[in-house]
Structures are given as structure tokens and as C-alpha cells.
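Protein chains: 2
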Amino acid sequence: MMIVDVEENDDVLVPPTNFSMVEDGIFRSGLPQPSNFGFLETLNLRSIIYLCPEAYPQENMDFVDAHDIKLFQFGIEGKTESSSTSIPSHTITGALKVLIDVRNHPVLIHCKRGKHRTGCLVGCFRKLQTWCLSSVFEEYQRFAGVKWRATDLRFIETFEVMCLRQCLYSIIYQYQGYGSNKRRLLYQEEGIQKPKIKSI
Amino acid sequence: MMIVDVEENDDVLVPPTNFSMVEDGIFRSGLPQPSNFGFLETLNLRSIIYLCPEAYPQENMDFVDAHDIKLFQFGIEGKTESSSTSIPSHTITGALKVLIDVRNHPVLIHCKRGKHRTGCLVGCFRKLQTWCLSSVFEEYQRFAGVKWRATDLRFIETFEVMCLRQCLYSIIYQYQGYGSNKRRLLYQEEGIQKPKIKSI
Numbered sequence: 001m002m003i004v005d006v007e008e009n010d011d012v013l014v015p016p017t018n019f020s021m022v023e024d025g026i027f028r029s030g031l032p033q034p035s036n037f038g039f040l041e042t043l044n045l046r047s048i049i050y051l052c053p054e055a056y057p058q059e060n061m062d063f064v065d066a067h068d069i070k071l072f073q074f075g076i077e078g079k080t081e082s083s084s085t086s087i088p089s090h091t092i093t094g095a096l097k098v099l100i101d102v103r104n105h106p107v108l109i110h111c112k113r114g115k116h117r118t119g120c121l122v123g124c125f126r127k128l129q130t131w132c133l134s135s136v137f138e139e140y141q142r143f144a145g146v147k148w149r150a151t152d153l154r155f156i157e158t159f160e161v162m163c164l165r166q167c168l169y170s171i172i173y174q175y176q177g178y179g180s181n182k183r184r185l186l187y188q189e190e191g192i193q194k195p196k197i198k199s200i
Numbered sequence: 001m002m003i004v005d006v007e008e009n010d011d012v013l014v015p016p017t018n019f020s021m022v023e024d025g026i027f028r029s030g031l032p033q034p035s036n037f038g039f040l041e042t043l044n045l046r047s048i049i050y051l052c053p054e055a056y057p058q059e060n061m062d063f064v065d066a067h068d069i070k071l072f073q074f075g076i077e078g079k080t081e082s083s084s085t086s087i088p089s090h091t092i093t094g095a096l097k098v099l100i101d102v103r104n105h106p107v108l109i110h111c112k113r114g115k116h117r118t119g120c121l122v123g124c125f126r127k128l129q130t131w132c133l134s135s136v137f138e139e140y141q142r143f144a145g146v147k148w149r150a151t152d153l154r155f156i157e158t159f160e161v162m163c164l165r166q167c168l169y170s171i172i173y174q175y176q177g178y179g180s181n182k183r184r185l186l187y188q189e190e191g192i193q194k195p196k197i198k199s200i
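One line per chain: the protein sequences are A and B, in this order.
Per full-length UniProt numbering: the first sequence ends with 200, consecutive numbering throughout.
Per full-length UniProt numbering: the second sequence ends with 200, consecutive numbering throughout.
There may be inaccurate statements among the hints.
[Claimed, not checked] Computed cross-link-like contacts, DMTMM-like style, restricted to lysine to aspartate or glutamate with a CA-CA straight-line distance of at most 20 Å:
| no. | chain 1 | residue 1 | chain 2 | residue 2 |
| --- | --- | --- | --- | --- |
| 1 | B | K79 | B | E54 |
| 2 | B | K147 | A | E139 |
| 3 | A | K112 | A | D62 |
| 4 | A | K97 | A | E160 |
| 5 | B | K147 | A | E138 |
| 6 | B | K112 | A | E139 |
| 7 | A | K112 | B | E138 |
| 8 | B | K112 | A | E138 |
| 9 | A | K147 | B | E138 |
| 10 | A | K70 | A | E59 |
| 11 | A | K79 | A | E157 |
| 12 | B | K70 | B | E59 |
| 13 | B | K147 | B | E77 |
| 14 | B | K97 | B | E160 |
| 15 | A | K79 | A | E54 |
| 16 | B | K147 | B | E157 |
| 17 | B | K112 | B | E59 |
| 18 | B | K97 | B | E23 |
Hints were generated in silico from the structure; no laboratory data involved.
Just chain A, same shape as in the assembly (with noise of 0.2 Å):
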């Protein structure tokens, strides 16, 4: 049934292994293959967010040169259950602060699985969104499903979030003002800093 449908249809997409919207303009899955690139380019992504320290495939290289996409790469290794060092939160803190980067989206974070690394970095958006705990984690174990990892849990509860958030803040207050500050937008000419976003 399946091989007349796509016979039928040159058409059909094949999205990556463990492909899902996270949010507008965010996207996760496992390692893309080339036969995943005709459903990708229907994403019209503007950057890919890839967290393994092993260099990007070359298939993989020649489509985002070809797409004109970003590729922003943050090396963690690729742990097991029992080892002991755990991911670097400073790695994840720069890869949030790409994502959360609207200039960089639509975006892609992959991994090789889509599993722990990828699950870690969304989970730590997620907490960044003020979602409650648990809920982060169920989304979390449905995509590592059976190979889901304490570690990992502990990893994403323990991340802090605070000071990224304050970050955001200060952001938005140099933008907009708040409360009785508002009308701190109003005196530009003062010389109050714009707002510098930096990537990585």
C-alpha cells in the first residue's frame, strides 16, 4: 500500500527521525539524511543548531551551502546512561541563546538521535517558557522514549534559567521600558544603549 502511494506521488516527504515542531520557527529531529533534505527545504530554515562535536557530514554541508542556511555547531559529546562528566550548561546557555535568536529562524536543532542532547536543549527552553517541570520531562521522555536517561532529567532540572532570563529582561526593558520606566523609550537622545543581541 505504502510503495503505491508513492509511486502515485513523487511528491512524498520524508521528514528526519524524531521530527517535530517545537515552536513557530523551531524544529527538532535526529540527524537528517539526505533523503529528509526534500522535506527540509519545505522549511525553508534559516538556521540549523547542530549539537555534536563530530564535523557536519559533507551531504549535509552541501545543502545548507545550497540553502544559504546558518549552521551553528555546538559540540557535546554523545554520553551514556552511566557516564560521569554530564553536559557542559555553558554549551547549552550559548545554543539557547542562538535559539531563542528570531533572526536565526525558522531553525533546526538536531542531533545524531534527536534524543539527549536535543532533548536537554529543548527542555531547557521549555523551563525558559515557564512550563512546570513535569511537563518538560514528559516531552522529553516522548522522544527518548525507552532511552531515556536520569542524568538527563537532572541535568535540565538543575539548568538555570534565571540568569538568561534577566538577560531577556534587559532586553526588553532597552526596548520597551517597564512599569513606571516606560517612558524611558521616549528619551532615545539620551543615549540609552540599543539593544545588541549576540549570536554565540
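Since chain A is already given, all that's left is putting chain B on it; use the hints.
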């Protein structure tokens, strides 16, 4: 740790169980509880597709009334694997018509647990999007987990999207024309009917 988080932040958001984004303006979940209403407000829903035959719970009805959300109910029995009767495909077709009508977006699809009925509707929607069947199944199983049902996969596989697709092509044709008929757009005064997309 989580309780501390909740106490620190009154705005903690609790998405419904099995919540996820499907596409821009399309969400899926299990039955929302009152504790999820704060989160649902952030979605600015215009409509809800409810797939159970049971009357909508009063709290949920109050929520949709208060937020001027249109409720589309398509009563599908919650079956068990052993059940011999299958989902009526015309009911799914009806729900699909509401789902793809952007005037209803943002829309939330939900049944009770967000696994089987919701999974079947989303699966048929993916076929309409020309996703390959193995990717459709992967997504279905991510949400159904160990509760996945072979009958649901069979339903999705055999569901006929061609008729609905032709109906869409005919709407697109009326809007834009295609191929050598593109000029038809120029002659609206010739009595070419305006497309009428009917909900339900």
C-alpha cells in the same frame, strides 16, 4: 526543586498531557484540565476539535465560552484494540475539513488522552501533507507509546486522502488557476464562483 520553582514563579505554565505543536496554528493534546487553562490562554485559540462522543466538561465549556473559542465536536468512540468496529472515516474527513481551514486557526485537537483518536486525525492530516507512511507511524507511536494500536495504523494507512486532496485542488484552482488555465483568474466577471470552504 520543582515546588520551589512553582513558588518562585506564579506564572508557571502547565500544558495539557501529551501536548505538542503539529503545524503553525495546529496543536494536539489530551483533555485539558482546569490547571492547563493558563497555558491554553497563551495559544490564543480560535477553535477546538474535540473527538469524543461525551458532552464537553462544564469547566472546559466555560473556558471556551469565556475566550470565544469555537468548539467542533466529532464524537468518535474510544475503542480498545479488540474492538471490531473501526473509526468512521467520514467523521475524520469532517474533522480534517475543519482542521485545514485556516479561518479556524489556531486550533487545538484533543480527545481524552491525545493518543488514539487524536493520533488518527493527525496521521490522516500528515498523509494529506504527503508525509511518507513510516514517518506518520513514527509520530503516531511517539504519542501513543506502549498503548499504540495496530487498528489505528491500519486506519491511517487505508484512509483515502485523494478525494479531499482533489477537493483542495479544486479550491486552489478556483482561487488561482493552474497551468494554462491561470488566466481564468483574470475573468472573475465571467461568473466563476468564489470558492466556498464549508466547515463541518
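Pair hint K112(A) and D62(A), alpha-carbon separation not exceeding 20 Å:
18 Å, holds
K79(A) and E54(A) were given as a pair; does the straight-line alpha-carbon distance stay at or below 20 Å?
14 Å, holds
For the pair supplied as a hint, K97(B) and E23(B), confirm whether the alpha-carbon distance does not exceed 20 Å.
Holds. K97(B) to E23(B) sits at ~15 Å (cutoff 20 Å).
For the pair supplied as a hint, K70(B) and E59(B), confirm whether the alpha-carbon distance does not exceed 20 Å.
Given that 20 Å is the threshold and the Cα spacing comes to 15 Å, the pair holds.
K147(A) and E138(B): Cα distance at most 20 Å?
Roughly 16 Å between the alpha carbons, so the hint for K147(A) and E138(B) holds.
Does the alpha-carbon distance linking K147(B) and E77(B) stay inside the 20 Å limit?
At roughly 16 Å apart (the allowed maximum being 20 Å), E77(B) and K147(B) satisfy the hint.
Straight-line Cα separation of K112(B) and E139(A) no greater than 20 Å?
18 Å, holds
Taking only the CA atoms, is the gap from K147(B) to E139(A) under or equal to 20 Å?
17 Å, holds
Within 20 Å, alpha carbon to alpha carbon, are K112(B) and E138(A)?
Satisfied, since the Cα-Cα distance of roughly 17 Å is no more than 20 Å.
Hey, K70(A) versus E59(A), does the alpha-carbon distance stay inside 20 Å?
Distance ~15 Å between K70(A) and E59(A) Cα, so the pair holds.
Does the alpha-carbon distance linking K79(A) and E157(A) stay inside the 20 Å limit?
Given pair K79(A), E157(A) holds - Cα atoms ~18 Å apart, limit 20 Å.
Below or equal to 20 Å on CA atoms is what counts here, so check K97(B) against E160(B).
14 Å, holds
Of the numbered hints listed earlier, not one is contradicted by the structure.
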